[in-house]
Amino acid sequence: MLLGPPLLGALLAAAVKPYRRFIGWTNALLSVLSLGAAVVLWRHILAGDVLTSGPGEFLRADALSTLLALCVSLVGALAAWLGPGMGGDDGYDGAQARRFRIFGNLFTFMMLFAVVSNNVGFMWIAIEATTITSAMLIPLHVTKASVEASWKYILIGSVGIALAFGGTVLGYFDFVNLAGHREAALNWTVLMASASRLHPQVIQLAFVFILVGYGTKAGLAPMHTWLPDAHSEAPAPLSAMMSGVLLAVALYAVIRWEAVVNAAVGTKFTDDLFIAMGVLSVAIGAFSLVIQRNYKRMLAYSSIEHTGLICVGLALGPLGTFAAMLHLLNHTLAKSTMFFLAGRVLHRYRTTEISGVSGLLTAMPWTGGLFAAGVLAVIGLPPFGLFISEFALFRAGFAAGRPWLMGLVLALLSVAFVSMIGHLNRMLYGAPAAGVTVGEGSAWPLVPLGLCVAALVVLGLTLPAPLRALLTRIVEIAGS
Amino acid sequence: MDSVFSQLSVMGSSLVLIFGLILLWRRSVTAYISAFTWQSVVLSGVTAIVGYFGNDHELYWVAVALLLLKAVVIPRLLRRMERRFAAERELDPYVNTATSLVISGLLVLFGYAITRPLVALSQLPTRAGMPLAMGLVLVSLFVIISRKKALTQVIGFLMLENGLALLAVLGTYGIPLIVELGVFLDVLMGFLVMQIFIYQIHETFESIDVEQLNRLRH
Amino acid sequence: MAFEHLLLAVILAAYPIGALAALGFRGVAGRGLVAGCALVGALAGLALGAVCLAAGRGPTFSASFLPLTGLALRIDGLSAFFLIVIGVVGAAVAVYGFGYSSAYEGRYSLRLLGALLNVLLLTLSVQVIADNALTFLLAWEAMSLSLYIMVLTEHDQPGTIRSAHWYIAFTHAGFAALVAMFLLLSSGELTSSFAAMRSASLTPAVRDAAFLLGLLGFGAKAGLVPLHVWLPMAHPVAPSHVSALMSGVVIKMGVYGLLRVTIDLLAGGPAWWGGLVLGLGTVSALLGVLYALMEHDLKRLLAFHSVENIGIIFIGIGAGLMFQSYGLTTLATLGIVGGLYHTINHACFKGLLFLGAGSVLHATGTRNMEEMGGLIKRMPRTALFFLVGACAISALPPLNGFASEWLVFQALLGGSAIPQPEVAVIMPIAVAMLALTSGLAAACFVKAFGITFLAIPRSAEAEHAHEAPLSMQAGMVSLVLMCAALGLAPSVVVRVIGSALSGLERFAPADVGFTLGLPLRVPGAVGEMSPPLLALGLVLLLGLVPLGFWLAGADRRLRIGDTWGCGRIGQTPRMEYTATAFAEPLRRVFAELYRPSRDLSIDFHPESKYFVQSIEYRSEIHPWFERVLYDPLVHVLRTAAAWVRRLQGGSVHLYLVYMAVALMVLLTVARWWK
Amino acid sequence: MIGYVLEVAQAALALLLAPGLVGLIRWMKARLQNRRGAPVLQPYWELRKLFRKEVVVSNNASWLFRATPFIVFASTIAVTFLVPILAVPLPFDGVGDLLVVVYLLLLGTFFLSLAGLDPGSPFGGMGASREMTVAALAEPTVALAIFALALSAGSTNLGQIVARTMTDPGAALSPGHLLAFGALFIVTLAETGRLPIDNPATHLELTMIHEAMVLEYSGRYLALIEWAAAVKLLVFFSLLGNLFVPWGVSVTMTPSTLAIAVASLLAKLVVLAGVVAVFETRIAKLRLFRVPELLSASFVLALLAVTSSFLLR
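So the sequence lines, in the order shown, correspond to chains H, Y, W and L.
For the record, in the first sequence the residue sitting at position 367 is 367 according to my numbering, with numbers rising by one throughout.
For the record, in the second sequence the residue sitting at position 76 is 76 according to my numbering, with numbers rising by one throughout.
For the record, in the third sequence the residue sitting at position 497 is 497 according to my numbering, with numbers rising by one throughout.
For the record, in the fourth sequence the residue sitting at position 148 is 148 according to my numbering, with numbers rising by one throughout.
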């Protein structure tokens, strides 16, 4: 029910050639189904049971998986609704739309599969597959830049993932030496069960491989280098999916292994690694924002910054994990919305240069307004959700007795804040460049985006009980 | 019995590593491809041996798959590409051969140092080969870094996977078959996608020199 | 109690309604609704403050719908006092804004402006009655943000965006400091109410850190030197009634916050706290007025005076803190009462002056004083109101500015009570600086009023200026009346503020009784005076002198003639004294500080160098905070940014190297991890 | 009751004596410079003549210009009610202390400067600018002098200071007192526009301050301003006289003591007038931009006064 729809959509799109519009629509409807399925999962989790299925229960959906499944299916639905091939002049021809529908759905499918598969081996396979499928979509418009971006992405991404595989192998090796061959040995549950008896040094080595490997996909510095290129060159829906959930899914994999390692050698090791890489990411993200001329890259760097923030949060004990997960959800909502809006801006202005975009409020008032709101949300202002989650994160940091670290992060965030708000001003005001048609164009895509922003505001003002329950369960799982 | 086994496995893995070093030493893409092919052959051989002595019959299938995929299919595609881009056969790495050999030697040492706890922990007769596998992983990482042509980077990447496969085989007698098959599928798909991109690079840039992919900055 | 809750409900309802109405309606209806709701809310706030002060206690209100905490409101004396400040200025601004914003019709987004005005007033009110950290911080940031967008209203004017950017940068840095401070105060538990923070026992180091962070955050908002640079940038570019609100109320939130934290939450600290605040206050007062003297942009001039007056307020508070640390409760109360008194006074006359400047801007379309002049004949009422404001801010008796400065003086004169002479010597120096400040302020406002309103118009715009519409006049009149009232009834005001302070259980000036009487007798003050009698005397004398003339049968003839010009007939504006010329002597006296750069270019007649064709004289001063403090900071940031940018060099090989290095480093760490 | 009578009486006395004081200084100067000089009563004749003349007002000037003379006059007279000229304690003592006195005088200066700007003549502007500069720079000295006095007397109210100083004569000769006296004397010269800060006798555009400011005034307006200036001088002199050398000031309001008070007041005025006259003969006017140096010197004196009274406390 969760995995079906995207797969179906992909097959349908692959089957029908040339592209027809109804594929887009069916796909959109299907995507809603999987979103519904995710919600059902959520209900189950709250009821307190963990769904498992398949031989050797290789599919398993606990709270963590559910959160990710929600994010993925939500952004997937957004992409399905707002992606190419829904009619209207969206700047894509049939072939491109078909390609998008095929690989986009596969991409979504793979991410969903990654988060619900109990077997870390399959998890790895799925994430590797996400690299391939998403890479296929980056050069939807073949240009030098997009080809370059996709090559960098696939090369760095594959190498990283390969290293993650090395990590998986090492972890398996550790386990095998402990308990001999077992068919279900790669099942996370099994690993967890016997984690406490694993050999510390080996599992630490394994975790390093895992962290570097999946960290590459998550956009952690210093393996983040592919991210700005890919995000800025990819078509809007793909950027949204990548920045919104791909990073989250990669982090998910890291968290799974973190749980194992923590059970084996205690939390200090992972905490220190997380803090080191997290702070580095925040710093690099923030400073890259200071002098930034390209708004899509701006968003990409802010994604790096937020991933780093989540990482730091994971290192700050249960409170921190709670905050990090909340932040992950908020960031998914905000960033995917932002990228869709950026896509609209790009479609109108034909440039990704900040200096080229002026008078956005005049040219497209609603898009501009939402864009502004989104930026304000991303830089963590009330009443948006990210303010609350960042706030909770700092609270956790002080509670965990790391005031200096928090001070540093606060300073870095201020740098990011000042830079981004400056860029925002340059885009919003002034007179639209010559040749830019004034007026809002097709307005209906704004509805779901507006809903996302509204959701952010809601998350900024309140924390619904079901969500709170879900997050608390996740904290138990992550075991930090 | 076990001694023979360990002898063979160590010899095989060292052969695998040596092919990697040969690749560093040679200059033409053709040589690269052949080195990679032979490496894959030896790798599948090692897998078969481990399967025989460790009487784990799944590994035979793995070996066969390896042989087909990495010693037959992929090399063929590689050769086709290599013929297509015949113009740029000669390549000049960032690091000259001598230095890169020295560096790779150091990397292998590093691999040894890193894998000490693994070797200490494991009881398998194949354990002595693991440092070599780790060394190969690092060396092929170095290959990817230091080579300029997209094609050679792909080859480096494939070698990296060989190294990992070797590690898996030596350390754990292979991961579960079904996962292994999934991995193979991914490798194939990944390779195909990379191939597509190499063609695209060649179309858009009239060359497969990665150096010129530097317009996206900051 | 029910009445208070009703008022609270009115406040919390009126502003949002106004905001929505602003978004809903256009034109006169929209402006009317905005002004109306804002007025209602402000008056309700005023009433609530008054009632709570009278009753000596306020309602508490809490709703837990915010995540991780609840919205907790509690009104004590301090909150009530600041509610009154907000109410007074807010009401005037609301009325004035109705007329003023009509000029924006069609040019800028009136809906946004109106909505944000209400939001700003709401957040201000919520902020002063917030009873836990998160509520406070939310209101704080919402306030800064709404103000930020309002500053951006005239975004097409040159420099607006840059100014707004400076403003938001400072206010956000301050916000970060405040977040850290509250986290320290509440030891990470921001949900805890202020009550919990009061009872928290913190180590001296933490207390000092919290105090410094607070001083940083609140000082940045209040515009304390050297955190003031945003203030003269942001105030001029904002719409004038917003500037009035900014300078009258918003920067006072820094004062409120500092008081709340130092004397309430932390319940005072070592003497150096007070010394630091006092010192910064003195420096701010002096530098503020000195830079104001050099300004020819009317609104920038007023903005610098805000820095000056904030300085005076902080002098009072700093002295209070010092006295408190020596256990001199009476003097401490006197100092803080003086500071608070000056707070509300400054809110009134600076609000008034900004509104006046707004009318001038509205009439002439320029902020440059050198292009004004003669406005007293063209807009007599505005001129009168501005004159009152100028007298008040120059601390001329019997207006309100004098009363509060007198109190601050008295507090400082009490400095001799401090046991350690070496510490006590700080006080006379502060006294001298304060005196110099007020003298210079008088000089500056002679310049401001004289050049702007008197003599002959210096430009066509000034020539054709017109009187402001009634609504704007009404807004100004209300503040004029406040200035007079606050000046004439100091003993009442002092008593009210005293009761406001006695609400703070940690500060406890209970033993200080403020007597109500014609002469202002303040416990701790070494002198006494009576503004009402003074005013009476002046009025009587003003009446008597003409009477004397009449009795003495003095000549009553009066002839209107030309201004005497050494025999020159006919006078042109170019012969008038300019603002620059007026300030020239002081520019020379304080040249060390200003470091003025002059360039004088004379081009002579080709025939003989004894005939001058034209003289061009340009002189600028460099405020050295930007140069010494902020330019380096910006430079460091930019270099760091440039360095980080270089990481993304574009070469995939480089990227892979990062990866490999990361891998190997981490592997080494993990391998030899202990 | 007697107190209120005295208040009025001393105000009237001040009004009466002020022009004479100015005349006295002029006469003494003349004698010191071997000139015959105008009679002491000359200023009275000048005032009378000015009151008789018609007023010429610039066509640029506004109502402010006409209101100013009255404001200046009124504020100066108001001061005479607060300053102990003849007797202490007086009923209006509580209406204003030394700070109020200073700021009332500042009120006058403020409006006079505005009036200087009003006709739009460059002289007026120049005078106003210089007047305000001097006034502002004099402020800190005054404040510190007040501090010093308040410190020893425990009050800023003039009556109290006088009474306190009378009770222990030793305080009068304390270094703090002497230094404060010196500081306040310099300030007096600055505030009342005497040499070396300003030359009341000059009409040379480049040097005049007060005269430039009131250049546009004529007739009764000028009379009021001149008179107010004279009263201001007298007020400062009686401050110097009675605050630092309080003897003679009547405490018990009996006719005899009051007679003594008047006599001592006259004596003090004559002495101070003599000192000023000597000063003005001995020294030349300072360049305007050297004036701050003089004032800073007085500031240092005042600071020393305060610190010394701290240490000798």
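Please note: incorrect hints may appear among the correct ones.
[What the hints assert, rightly or not] Among the chain H residues that face chain Y by a calculated CB cut under 10 Å, a handful are:
#	residue
1	Ile132
2	Ala135
3	Val147
4	Lys152
5	Val159
6	Ser414
Hints are computed from structural coordinates only; laboratory data are not their basis.
Glycine residues also receive a C-beta, built at the ideal position from the N, C-alpha and C atoms.
Status of the hints after comparison with the structure:
no. : hint   : result
1   : Ile132 : 5 Å, holds
2   : Ala135 : 6 Å, holds
3   : Val147 : 5 Å, holds
4   : Lys152 : 7 Å, holds
5   : Val159 : 6 Å, holds
6   : Ser414 : 21 Å, violated
Against the hints set out earlier in the document, a violation occurs for number 6 only.
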